Every structure is written in structure tokens, then in C-alpha cells.
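Chains as they are written, first to last, in our numbering: chain A, 1 to 162; chain B, 163 to 324; chain C, 325 to 486.
Treat the hints as calculated values from the structure; they're not laboratory data.
Owing to the predicted nature of the structure, the values given are computational and were not obtained by experimental measurement.
Some hints could be false.
[Said to hold, decoys possible] BS3-like cross-link-like pairs, simulated, lysine-lysine; straight-line CA separation at most 30 Å: (1) A:K84 with C:K367; (2) C:K353 with C:K417; (3) A:K85 with B:K191; (4) B:K255 with B:K191; (5) B:K255 with A:K84; (6) C:K417 with B:K247; (7) C:K409 with A:K93; (8) A:K29 with A:K93; (9) B:K191 with B:K246; (10) C:K353 with A:K85; (11) A:K43 with A:K84; (12) C:K408 with B:K255; (13) C:K353 with A:K93; (14) B:K247 with C:K353; (15) B:K247 with B:K191; (16) A:K29 with B:K191.
[Said to hold, decoys possible] Some chain A residues flagged as far from chain C (calculated, every beta-carbon gap over 12 Å): (17) Y21; (18) Q31; (19) E77; (20) Q140; (21) A145.
All C-beta atoms in this analysis are idealised placements derived from N, C-alpha and C, irrespective of residue type, glycine included.
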Amino acid sequence: MASASVKAPVQPSVDVVTGAYRVVSTTIKVQTDGREELYNLSKTIRDFVRSSGIRAGTVMVSSLHTTCAILINEWQEALVHDVKKYLSTLINKDDYFRHNDPEWSDCDRHNADSHLRSLMLGMNLTLQVAESDVVLGEWQSVILAELDGPRERTIRLQAMGI
Amino acid sequence: MASASVKAPVQPSVDVVTGAYRVVSTTIKVQTDGREELYNLSKTIRDFVRSSGIRAGTVMVSSLHTTCAILINEWQEALVHDVKKYLSTLINKDDYFRHNDPEWSDCDRHNADSHLRSLMLGMNLTLQVAESDVVLGEWQSVILAELDGPRERTIRLQAMGI
Amino acid sequence: MASASVKAPVQPSVDVVTGAYRVVSTTIKVQTDGREELYNLSKTIRDFVRSSGIRAGTVMVSSLHTTCAILINEWQEALVHDVKKYLSTLINKDDYFRHNDPEWSDCDRHNADSHLRSLMLGMNLTLQVAESDVVLGEWQSVILAELDGPRERTIRLQAMGI
């Protein structure tokens with residue numbers, strides 16, 4: 001098969017960390033500005049993990065909403081523009097949706113497109129923690145994608161491990 | 163940059179929980195009714211977490227299949243209808259796929275579209291657990307999206323933490 | 325409502341595992357071959373988990389990049405072909421993107437489409453671990469989707485639990 005299995009991956013070293021398990025959590029609020037907007041949460045998450053005392057484990061970033069998303073991408077101004085534009089056209093807001101129709105729904109935000117986009121993108125992210133820091137690649141940022149703003153959004157952070 | 167970093171998030175309090183780590187798991191079965199259908203798993207997951215004795219940590223919800231998905235959305239009747247309709251049109255089932263072609267594949271379900279949709283949506287979800295309950299926003303429900311039913315589906319739940 | 329809640333799921337048994345929590349991590353490299361290509365990581369992940377000594381918990385599979393993705397699907401040759409073809413057309417590479425425009429961006433890879441596709445698919449996956457093995461359904465494989473190769477990709481694996 002063309003797409004063969006991975007052969008002989010390099011595994012230069014394996015790190016093992018042991019100790020008492022702890023769970024440290026907090027809630028952050030983000031006031032968003034537009035219907036679609038992106039917010040870089042990386043520094044906030046890194047600061048939280050460092051202050052949590054967790055050396056190895058994971059950190060979860062969870063939106064408590066159904067019309068915004070958490071994702072990873074490069075935080076480059078040109079690309080942020082492209083992502084916002086792409087997300088704003090992923091679903092045609094003006095298509096007919098029962099959720100937007102007073103005959104079927106008591107929601108007056110007419111945001112069915114925001115629900116569908118969030119559902120495709122995901123509202124939770126788990127990241128690895130190592131050496132008291134979030135494991136992110138050089139170009140990776142953790143991004144809150146507002147898809148039905150402006151609003152105040154609540155994001156729960158939870159660091160878990162040793 | 164228009165999409166600025168998050169400034170001064172409110173971190174009113176940080177909770178820390180320590181104790182002995184445990185892993186509690188179970189398997190649930192869901193008999194689905196149509197080719198596309200949605201099932202609200204929230205109560206089942208909440209009941210499992212409460213009975214697990216885990217106070218703080220995470221719960222994982224994992225489909226053991228490749229043609230159904232686990233997602234979060236609001237469980238409103240009008241919106242459930244919209245989501246089902248949207249998911250049923252995300253991929254054109256009648257496009258040519260090798261997976262549906264007896265020349266290339268021994269699968270007689272002709273469900274390439276179901277594979278592609280599941281892959282886009284995701285088959286695993288991790289949720290935070292705090293105070294012996296699943297952390298979900300007011301409007302969030304955990305939903306099993308059947309994309310190639312009717313079938314009996316197996317979902318593995320695993321609560322982990324203190 | 326048509327899409328009713330799950331009723332009386334079968335919960336034949338609940339397993340509980342307790343013990344000392346450990347975090348075991350390693351990094352693997354994958355040299356990719358084409359602009360779009362799929363790689364089956366399942367065996368590599370399984371071998372890592374078995375060698376980690378973790379009996380129950382989770383394993384995280386994290387790409388440290390922004391133009392490749394980690395997903396689950398069936399590893400059937402016909403379907404692998406379909407998935408590659410689908411992913412290669414998910415975004416029109418030739419649409420205008422600022423990220424590809426020297427006026428706006430210093431990135432000379434012209435890979436805005438790869439960023440957008442990765443963002444939709446996700447770059448992290450958490451899987452359950454039970455009885456010293458990764459919990460995967462019969463047809464599930466963990467797949468690295470290269471979306472801007474060929475390149476050498478770095479994937480961090482982290483097994484956590486008891």
C-alpha cells in the first residue's frame with residue numbers, strides 16, 4: 001500500500017516522571033469583540049500551568065459554550081485573517097435552519113451556523129505538560145475562535161498530573 | 163493585530179485537589195435507529211462519573227467505531243434537526259469512492275461518506291470532572307452522532323483522577 | 325423528540341484500577357513522502373504503551389506542527405485512497421489567502437490550505453489505555469495525515485496513568 005505504516009521511528013529517549021497526582025483548575029473570562037474573532041490563549045494557559053505546580057501531565061482547555069471553539073494554529077497576522085474569513089464562510093448563515101425559525105425555536109440569536117461550526121471544530125482541547133510547561137510546537141498557538149460574539153466567554157482550565 | 167492576545171483574564175480562584183489516582187471504566191451499548199441519528203449521552207456519562215467516585219480529573223467518551231462520532235452541542239429539538247440535516251449532506255454519499263466499489267473494496271456497506279464524516283467530527287471526547295460531576299456548560303450536551311446506522315454501537319467510558 | 329436520550333444502557337461491569345500515577349513520554353519522527361499522505365501510527369503507539377508500563381490511563385498523540393493532523397479511521401487501502409483524495413480537495417489550494425501572498429506574509433510555502441485543513445481535523449488525540457494496551461475498536465487505526473509534505477514530522481507520545 002502506498003501509505004505504508006511508519007517504520008522504525010526514532011525513539012531517542014523515554015522520560016518517566018512519578019509523584020503525587022494533583023488536579024488544579026481555574027476559570028478565565030474572555031470578552032470577545034466581533035461575531036467572528038480569534039484570541040490567542042497560549043500565554044494565559046502557559047502562565048496557568050507554570051503557576052499550578054504541575055510538572056508532567058496534561059492541561060485541558062474547555063469552552064463551556066456551544067458557539068465558540070478551541071483550536072490550534074499558527075498565530076500569524078495574515079493567517080489569522082485567512083482563518084477568520086474561512087470560518088465565517090464555512091456554513092452559509094442565511095440557509096434555512098429550524099433553530100433560526102420562530103416557528104420551531106425560541107432562540108433569537110439566529111446562530112445555527114455558529115452551532116454547526118463549533119461542533120465541527122471542537123470545544124475542548126487537551127495538551128501535554130512536560131517540565132512544568134505546555135508542550136506546543138514552535139508554530140502552535142492555542143486559539144479561542146469566537147463564532148457568535150461579541151460575548152463574555154468562560155473557559156475552564158484544568159492542569160492534571162504530577 | 164486585530165485579533166489581539168487575551169489581556170488580563172480574570173482568575174478569581176484556583177482549586178487544587180490531591181489524593182490517590184484511580185481509573186474507572188465501563189462500556190455502554192447504544193442501539194441506533196436510522197442511518198443518521200443523534201443520541202444525548204450526557205445523563206449516562208454524568209451517572210457513570212457520579213457512581214465512579216472520581217471527584218476531580220477527567221472522563222473520556224470513546225466510540226470504538228469508525229462511522230459514528232462524539233460531539234458537543236445544544237440539545238434543542240430544532241437544532242438537533244438542523245445538525246442531522248447538515249451532517250447528512252456534509253459529504254455527497256453518491257460521489258465515487260473506491261471504498262464503495264467492489265473492484266477495490268470488500269466493504270458492502272457503501273459507507274465511505276460515513277467514514278469521512280466521522281473522521282472530520284472525531285470519535286473521542288475528553289471532559290473535565292470537578293466536584294464529582296462532569297464539567298459542561300449550561301447548553302452543552304455530549305452527543306453520539308450515528309452516521310451509518312442502524313447498528314448497535316459500543317462506547318467506552320473511562321473516568322480518571324482523584 | 326425523535327432523537328431521544330439513551331435509554332437504559334447496558335453497563336455489564338465497571339473496572340477500577342488504583343496505584344501510583346506515572347507519566348511516560350517519548351518523541352517519534354516520521355519522514356513523510358508527499359504533499360498529502362497518510363501514516364498508520366497504531367503499532368508505534370501500541371508498542372510505546374506496552375513498553376511504558378502504564379496499565380490503565382491514557383496515551384496522548386500530539387503533532388507539534390500546524391500543517392498535519394492526527395485522526396482515527398479504518399486502514400483499508402481503498403479507503404486510505406478516498407481519505408487522501410477528500411483531504412486534498414477539502415480546501416481549494418488556489419483560492420486567495422493572505423498567508424500565501426508576499427504582500428502580507430513571509431511564508432513561502434503557500435500552505436494556507438494545509439493550515440485550514442489541519443485546524444479542522446485536529447492535531448492532538450487522546451486514547452484510553454486499559455490492560456497495558458491502547459483501547460481501539462477493531463477497525464480503528466490512529467493516522468498521521470500529512471497535509472504539507474514531504475517533511476520530517478515530530479510526534480510526541482505521552483502515556484499517563486497507573
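Hint by hint, here is what the structure shows:
Among the hinted pairs, K84 (chain A) with K367 (chain C) is inconsistent with the structure: their alpha-carbon atoms are about 37 Å apart, more than 30 Å. For the given pair, K353 (chain C) sits about 27 Å from K417 (chain C) by alpha-carbon distance, which is consistent with the 30 Å threshold. A threshold of 30 Å between alpha carbons decides the hint, and for K85 (chain A) with K191 (chain B) the separation of about 40 Å lies outside it, so the pair is violated. Of the supplied pair hints, the one linking K255 (chain B) and K191 (chain B) holds, its CA atoms being roughly 27 Å apart against a limit of 30 Å.
With a C-alpha separation of about 29 Å, the suggested pairing of K255 (chain B) with K84 (chain A) holds against the 30 Å cut-off. Our distance criterion of 30 Å between C-alpha atoms is met by K417 (chain C) and K247 (chain B), whose separation comes to about 28 Å. For the proposed pair K409 (chain C) and K93 (chain A), the alpha carbon gap of about 28 Å is at most 30 Å, so the pair holds. Simply put, K29 (chain A) and K93 (chain A) have alpha-carbon atoms about 27 Å apart, close enough for the 30 Å limit, and the pair holds.
About 21 Å separates the Cα atoms of K191 (chain B) and K246 (chain B), which keeps this hinted pair within 30 Å; it holds. Between the alpha carbons of K353 (chain C) and K85 (chain A) the distance comes to roughly 33 Å, so the proposed pair goes past 30 Å and is violated. Proposed proximity of K43 (chain A) and K84 (chain A) is supported: the alpha carbons are some 21 Å apart, at most 30 Å. Straight-line distance between C-alpha atoms of K408 (chain C) and K255 (chain B) comes to about 17 Å, which keeps the hinted pair within the 30 Å bound.
Distance restraint check for K353 (chain C) and K93 (chain A): the Cα-Cα separation of roughly 41 Å exceeds the 30 Å cut-off, and the hinted pair is therefore not satisfied. About 40 Å separates the Cα atoms of K247 (chain B) and K353 (chain C), which puts this hinted pair outside 30 Å; it is violated. In summary, the hint linking K247 (chain B) to K191 (chain B) is supported, as the alpha carbons are separated by about 24 Å, within the 30 Å threshold. For the proposed pair K29 (chain A) and K191 (chain B), the alpha carbon gap of about 37 Å is over 30 Å, so the pair is violated.
The beta carbon of Y21 (chain A) is not kept farther than 12 Å from every beta carbon of chain C, the shortest such distance being approximately 4 Å. Residue placement check: Q31 (chain A) keeps its beta carbon more than 12 Å from all beta carbons of chain C (closest about 23 Å). Consistency note on E77 (chain A): stated as away from chain C, yet its beta-carbon is not over 12 Å from all of that chain's, at 8 Å minimum. The beta carbon of Q140 (chain A) is not kept farther than 12 Å from every beta carbon of chain C, the shortest such distance being approximately 6 Å.
With 12 Å as the threshold on Cβ separation, the claim that A145 (chain A) sits away from chain C is violated: the shortest Cβ distance comes to roughly 9 Å.
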